[in-house]
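Trainee: Residues per chain are reported as follows:
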Amino acid sequence: MKHSFAKHVGWRAFTAAVTLAAAPAISFAGDGTAPADGRIAYVTTDMYWGVYQTADGKAECPDGLNKYGPREVFAKLYPKGGTEIDTHLAREALKYYPEDSKDNFPMPEARGPIAIGLNLDGKLGPNDFTSPTGEKGIDNALYRVIGCSPQFRGPEGQFRLFGNRLVRQLTYNRSMIELSGVDSLRNDDSVQVTILRGLDPLLTDAGGDKIMPGGTQRVDNRFSKRFYKQLKGRIVNGVLETEASDVTWPWAVFFGNTNEYRFRGMQFRLQLTEDGRAEGLMAGYADVDTFYRTVMGWSTHHLSYGQLDPSGFWRKLWQHADGYPDESGKMTAISSAVNIYMVQVYLDRGEPNIAVSQSR
Amino acid sequence: MRNYIYSAFLGVAAAGHAFAASAPVAAKEEYVRAPMPAGIQVIVTELEGPVFADANGKTLYKWPYQSLRGGYVGDEKGRSTCTSKVTTTSEGLFSPYPPGLVLPHLDTRPSCAAMWPPVTAPEDAKPVDRWTVITRPDGSKQWAYDGQALYTSVLDRQPGDVLGGTNRDQLRQMAGRYPVGPQPKIPPGFSVVTTFNGRLLVNADGYSVYASDQDGPNKSNCRATCEETWKPMLAPALAKSDGEWTIVERAPGVRQWAFRKQPLYTYNRDTSLYSQQGSDVPGWHNVYTQQVGPLPKPFQLIDTQKGVAVADANGKAVYAYLCSDDSLDQLSCDYPGSPPEYRIAICGGGDVDRCLKKWPYVVADANARSDNRLWSVIEIEPRSGRLATPGEAGALRVWAYRGNPLYTYADDVEPGDVRGDQVGEMYGQRNGFTVLWVRDDFSHSET
Numbered sequence: 000m001k002h003s004f005a006k007h008v009g010w011r012a013f014t015a016a017v018t019l020a021a022a023p024a025i026s027f028a029g030d031g032t033a034p035a036d037g038r039i040a041y042v043t044t045d046m047y048w049g050v051y052q053t054a055d056g057k058a059e060c061p062d063g064l065n066k067y068g069p070r071e072v073f074a075k076l077y078p079k080g081g082t083e084i085d086t087h088l089a090r091e092a093l094k095y096y097p098e099d100s101k102d103n104f105p106m107p108e109a110r111g112p113i114a115i116g117l118n119l120d121g122k123l124g125p126n127d128f129t130s131p132t133g134e135k136g137i138d139n140a141l142y143r144v145i146g147c148s149p150q151f152r153g154p155e156g157q158f159r160l161f162g163n164r165l166v167r168q169l170t171y172n173r174s175m176i177e178l179s180g181v182d183s184l185r186n187d188d189s190v191q192v193t194i195l196r197g198l199d200p201l202l203t204d205a206g207g208d209k210i211m212p213g214g215t216q217r218v219d220n221r222f223s224k225r226f227y228k229q230l231k232g233r234i235v236n237g238v239l240e241t242e243a244s245d246v247t248w249p250w251a252v253f254f255g256n257t258n259e260y261r262f263r264g265m266q267f268r269l270q271l272t273e274d275g276r277a278e279g280l281m282a283g284y285a286d287v288d289t290f291y292r293t294v295m296g297w298s299t300h301h302l303s304y305g306q307l308d309p310s311g312f313w314r315k316l317w318q319h320a321d322g323y324p325d326e327s328g329k330m331t332a333i334s335s336a337v338n339i340y341m342v343q344v345y346l347d348r349g350e351p352n353i354a355v356s357q358s359r
Numbered sequence: 000m001r002n003y004i005y006s007a008f009l010g011v012a013a014a015g016h017a018f019a020a021s022a023p024v025a026a027k028e029e030y031v032r033a034p035m036p037a038g039i040q041v042i043v044t045e046l047e048g049p050v051f052a053d054a055n056g057k058t059l060y061k062w063p064y065q066s067l068r069g070g071y072v073g074d075e076k077g078r079s080t081c082t083s084k085v086t087t088t089s090e091g092l093f094s095p096y097p098p099g100l101v102l103p104h105l106d107t108r109p110s111c112a113a114m115w116p117p118v119t120a121p122e123d124a125k126p127v128d129r130w131t132v133i134t135r136p137d138g139s140k141q142w143a144y145d146g147q148a149l150y151t152s153v154l155d156r157q158p159g160d161v162l163g164g165t166n167r168d169q170l171r172q173m174a175g176r177y178p179v180g181p182q183p184k185i186p187p188g189f190s191v192v193t194t195f196n197g198r199l200l201v202n203a204d205g206y207s208v209y210a211s212d213q214d215g216p217n218k219s220n221c222r223a224t225c226e227e228t229w230k231p232m233l234a235p236a237l238a239k240s241d242g243e244w245t246i247v248e249r250a251p252g253v254r255q256w257a258f259r260k261q262p263l264y265t266y267n268r269d270t271s272l273y274s275q276q277g278s279d280v281p282g283w284h285n286v287y288t289q290q291v292g293p294l295p296k297p298f299q300l301i302d303t304q305k306g307v308a309v310a311d312a313n314g315k316a317v318y319a320y321l322c323s324d325d326s327l328d329q330l331s332c333d334y335p336g337s338p339p340e341y342r343i344a345i346c347g348g349g350d351v352d353r354c355l356k357k358w359p360y361v362v363a364d365a366n367a368r369s370d371n372r373l374w375s376v377i378e379i380e381p382r383s384g385r386l387a388t389p390g391e392a393g394a395l396r397v398w399a400y401r402g403n404p405l406y407t408y409a410d411d412v413e414p415g416d417v418r419g420d421q422v423g424e425m426y427g428q429r430n431g432f433t434v435l436w437v438r439d440d441f442s443h444s445e446t
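For the record, the sequence lines run as chains X and P. Numbering-wise, numbering that gives the first Met the number 0 puts 136 at position 137 of the first sequence, and it's gapless, one number per residue. Numbering-wise, numbering that gives the first Met the number 0 puts 122 at position 123 of the second sequence, and it's gapless, one number per residue.
The hints are simulated quantities; they were obtained by calculation from the structure and are not laboratory data. Since the structure is predicted, the reported quantities are computational estimates derived from the model, not experimental observations. Mixed in with the good hints, there may be bad ones.
[What the hints assert, rightly or not] Quick list of the computed label-pair ranges, beta carbon to beta carbon:
#: 1; chain 1: X; residue 1: R164; chain 2: P; residue 2: T228; range: 49 to 59 Å
#: 2; chain 1: P; residue 1: D212; chain 2: X; residue 2: D99; range: 55 to 65 Å
#: 3; chain 1: P; residue 1: K296; chain 2: X; residue 2: G349; range: 30 to 40 Å
#: 4; chain 1: P; residue 1: K296; chain 2: X; residue 2: E326; range: 33 to 43 Å
[Said to hold, decoys possible] Here are the simulated lysine to any residue pairs, SDA-like style, with alpha carbons at most 25 Å apart:
#: 5; chain 1: P; residue 1: K230; chain 2: X; residue 2: L346
#: 6; chain 1: P; residue 1: K296; chain 2: P; residue 2: L355
#: 7; chain 1: X; residue 1: K75; chain 2: P; residue 2: M425
[What the hints assert, rightly or not] Away from chain X, derived, C-beta distances all over 10 Å, residues of chain P:
#: 8; residue: R32
#: 9; residue: A33
#: 10; residue: A113
#: 11; residue: P235
#: 12; residue: D279
#: 13; residue: G349
#: 14; residue: R353
#: 15; residue: T388
Backbone N, C-alpha and C fix where the C-beta goes; we use that ideal spot for every residue, glycine too.
Assemble the whole structure, with the sequences as input and the hints as a guide.
Mentor: This is the structure we're talking about:
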């Protein structure tokens, strides 16, 4: 079927994957690709967890999609109702103490050979995937956990739909990267990448929906220190690649919460395009404890839309954790990938850092 | 389980002992004087500003009709749904939980009207200005303001208490009750919102209004490049000075509002509502119609990833607990003496010991005192959270804000951590914990 592969993975992810694969074919006009002062910045416009999908889901989810979310579990466990304390509050309690759960409702895992992501450990392991473009050794154990969860699948899963929409809407999520020391946006073996956070709305086209390059963002010097990071990187045939580093990344949802993800060994691989965009992957080992907390930052109401039951999800995360063992050998992080899209932006560094709380 | 209305009474009494003499109040918010029914008065409160109160000084509240995920609750205009009937089962107003679940402690559960006594009106009461009289389901008469039935709260004990609810965004209960007051005395084009720091002056769109130290009394020194960043709040040609509000003539025919002799501006770089970002610029300040007193010792302010939060002596973020139940009455479950099972489910998974470890109370030392009534020291029985009886063994002295205990979160380990923020149902606003935010640069920033 024509464009069937694109339909499987979704158009945007397909475009990004193909762009990355075809990187050598892309060239910047002439040799004058160095940005002014060797600096160029990009602001995040879209993000969603890397979930490889086929049209009917049967290839990656032969057991079907997950059916047991909070609503379904409740109906199974308490068909005759009960007291608030023994039912409703008991289920909410498990969200924060999932280890107390005695449930064992089925939660299908994603299978198949293909997943979105990067080879994080530089090895070809038995549990590794192949990328949609054929790269071997892809580490994305998180995909096994979320790949068959309606909550994370496109286009209407809550984490895909709202999670992405709120990247645009909330300035809390205004993550940016600035590249400095850039001699060429096509090939440069040493650039510095700084992760920052902005304070302003995104620049849109006249329709108000499409995010345009060329906007301006004030840099937040005060409240974003935990997100600030400097990485070493290089540009190869227009693709930015960074070293692996531990990064905390803001990704809030409704009601102005303070959600964040912590990645161990996070690295970018982003295609820099001539029209001022940076698109590709942010991949690393997501700290399991933080990941679970952040997912639980969504209300049970919203988790119910995608049949995501907290305690079952918690068990699967720890079961598939595959990186950063603690002293006892227990894995504390899980390999993962995020599809990320950015547009070029000018930075307004504004006032100097404010050291003293001025809150009145 | 002790009757929790009774516990609430004890609570305020205990808290009262910890109040120091009121600190001198610098300025209070002026309000529009309008006709009121006999027996109704206005009290200017510390946080909410001017509120209506009954003859005994008890604050008046409304319960507006509001949408929740599973239906509507509250009073439509012109009628009261808060009655003397005790509800026994949940209403299923928050998915995914169905209706019909048996509510806790039915033996002592109060009715809506017991928690929220209606403000009764004489049989022959007549409407006054925006005050009207409605007929309750039992045939009695009740005062309404702007059509909303009015109530007092059993949690309020002293004139000026506003413990039944708040208009402050962050600590508003979902489908809760809110204090009702007269209009602030401000010109058209301005508004006032309740914030942690006090009553913040904003423009009609919600953007903050600022004043500069560089200006003189009723004199603006913001010219040229200054005006590129700070936009004067212009007054219409027909506007006249009135009380605290005066008009500064910037140029012939160009008139600027001043409040308490300070020329007023908006900040061109503000992109979010109720912003405090302009106050980061040296010499510039947000403007309040009235401010709350200083934080009591040992509390301090810390920077976090979202803004400024209140922290304890060790720099750990401080949390309040909010709860309302899933009944048609939407009764609070977050004050000392209310059913503790809601909180213990969230903080300890039903285990009190885990609760005490994971969400410890902010303990007050023997000399702890507050100079204002927003903050107090109360004695509680720590396992249930109810107020302790005088001399009760094992009682704990803890800090409270607006009458309810405060907590820290054990998993906050790094400076600026707020990992417990919004832990609980529906982003912590339904049955959960929320940081005491002083400044939030991101919540009102949706574009």
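Trainee: Hint by hint, say whether it matches the structure.
Mentor: Do the hints match the structure? See the list:
no.	hint	result
1	R164(X) - T228(P): 49 to 59 Å	violated, 32 Å
2	D212(P) - D99(X): 55 to 65 Å	holds, 56 Å
3	K296(P) - G349(X): 30 to 40 Å	holds, 34 Å
4	K296(P) - E326(X): 33 to 43 Å	holds, 40 Å
5	K230(P) - L346(X)	holds, 23 Å
6	K296(P) - L355(P)	holds, 23 Å
7	K75(X) - M425(P)	holds, 23 Å
8	R32	holds, 29 Å
9	A33	holds, 31 Å
10	A113	holds, 20 Å
11	P235	holds, 30 Å
12	D279	violated, 5 Å
13	G349	violated, 5 Å
14	R353	violated, 7 Å
15	T388	holds, 25 Å
When each numbered hint is compared with the structure, violations occur for hints 1, 12, 13 and 14.
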